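First to last, the sequence lines map onto chains L and E. For my numbering, count along the first sequence from 1 and bump the result up by 762. For my numbering, count along the second sequence from 1 and bump the result up by 762.
Worth flagging that the hints you see were computed from the coordinates, not collected in a lab. The structure displayed is predicted, hence computed values, not measured ones. One should not assume that every hint holds.
Identical copies carry no separate label here, and so any pair may be met within one copy or between two of them.
[Unchecked claim] As a list, the in silico SDA-like pairs of lysine to any residue whose alpha-carbon atoms are at most 20 angstroms apart:
(1) 1006 - 880
(2) 785 - 983
(3) 764 - 991
(4) 1026 - 810
(5) 782 - 1017
(6) 1026 - 818
Number of protein chains: 2
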Amino acid sequence: MKHNPIGVFDSGIGGLTVVKAVKKMLPREDIIYLGDTARLPYGTKSVDAIIQFSIEDTQFLVDRGAKYIVIACYSSASVALDVIRKEFSVPVIGVIQPGVRKAMEVARTGKIGVIGTSLTIYSGAYEKAFKELGARAEILGRACPLFVPLVEEGWVDHAVSRMVAQDYLEPLKKDGIDTLLLGCTHYPLLMKVIRDILGDINYVDASTEVGVELAQNLRRLGLQNPDGMGSTSIYLTDLSMNFKEIGERFLGEPMKNFSRVSLKRYDEKSSHGGKEAK
Amino acid sequence: MKHNPIGVFDSGIGGLTVVKAVKKMLPREDIIYLGDTARLPYGTKSVDAIIQFSIEDTQFLVDRGAKYIVIACYSSASVALDVIRKEFSVPVIGVIQPGVRKAMEVARTGKIGVIGTSLTIYSGAYEKAFKELGARAEILGRACPLFVPLVEEGWVDHAVSRMVAQDYLEPLKKDGIDTLLLGCTHYPLLMKVIRDILGDINYVDASTEVGVELAQNLRRLGLQNPDGMGSTSIYLTDLSMNFKEIGERFLGEPMKNFSRVSLKRYDEKSSHGGKEAK
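With the sequences and hints as input, model every part of the structure.
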């Protein structure tokens, strides 16, 4: 099992930032990545739809022998983590908890800001995670639905992005947060604009933390690959315009090994080879 | 057959503007509407994906007895109209040609602007349609990918929307267009902002034209319903947050009759009951 790959999924290609962080911490591990580009974004869909999509994504990775599942999509991690853990026997890590742990570690005062898609923020997943980890800080969530389209338009340092960020972040600034958790794969690309508004506070990008925590977990479970090739296989449900250009921006290196795939549909009546198959 | 409903599909709920226009022209016709909200938007997906989705959408409507198919999604109409016509025997109308006809009718000088999603603009569907209809006008296309997210954020008269519109539309203004074709279901909601920049030129929203042309075609084919109830049944592949509120903004009346459905997957190897079934 230790020679098997780590499986990472996201609604699109933004999750390649998580792959980049994992590869940095675990250069010998082989990684299979699934981006559900045919149905992206997840953040505007219903909770039921995201849970169904997330089960299908996980099943795809499990079918390819994934020894560990990383949910790199914040919307999925917000609403589907518990279901995935219940339905599959493979260990699973989401992007929510590692970021929350780091935020609790670095926050000095009692106010932590969290930004994400509407779904991520309104799901209450962050409040729940902070509470479960015993945080006493006040958590201030703010949905920033235009940040993803702005990044995808390439306007990462544009007057419009500054104006949108001003609108979204001003309330967090007034509230005096000292730490901001970036709860979406695309937001790190807007760091310059965000920092211009919120100034010199702590910024937490969960990608790095996921890498650190995953490395610890693999060691603890004896699942570290002693002699892997560090390969990355990228599967996408649609090869849309510019996917390679945008993907390489997230991955930080050329995308060499990718293909288009169809996912098996999850049907509540059918077995999906999770717990049972093991 | 004349008692059968008209089938309308879109990637989401924006196509309800077309339903509204069709109901105005044809108050007795029953309408079944399919919004593929689980996979929206189409405009950022590949041509292959949009063709596959459009076949699945059409099949759903044909299975429910649709006597005429209206493609209310500009991205679908741009790249999938010919395939749908080839694969199904039911008559089909898209949103591209009716708008083009109207633009040719009202344009005074030789310059017509067209705005749409990146896919719609880069597909060249508008240039092709203008050419096929014998237009001599110069067609100036401009992709406006942030307009849809701005409308969905509800920022229809916001400083940010004005700044984005300025960025997108300034080149069309400089070029001196006298007619602007709105090539996306969401754009009519931004009319105030657009008019503030481009001033008193001709604006063409294809929804109305689709209604007019559909009425003519039904009459010509003897497919008009003499005693329909004017009912509207709305099927969505996902019931996402706020869908009802946003849908009613497009439809212009309360959404009473809606349900969530799953689509049969189109597989090139399988029969999909189109020409063969008739």
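- For which of the previously enumerated hints does the structure constitute a violation, in increasing order of number? As far as the earlier hints go, not one is violated by this structure.
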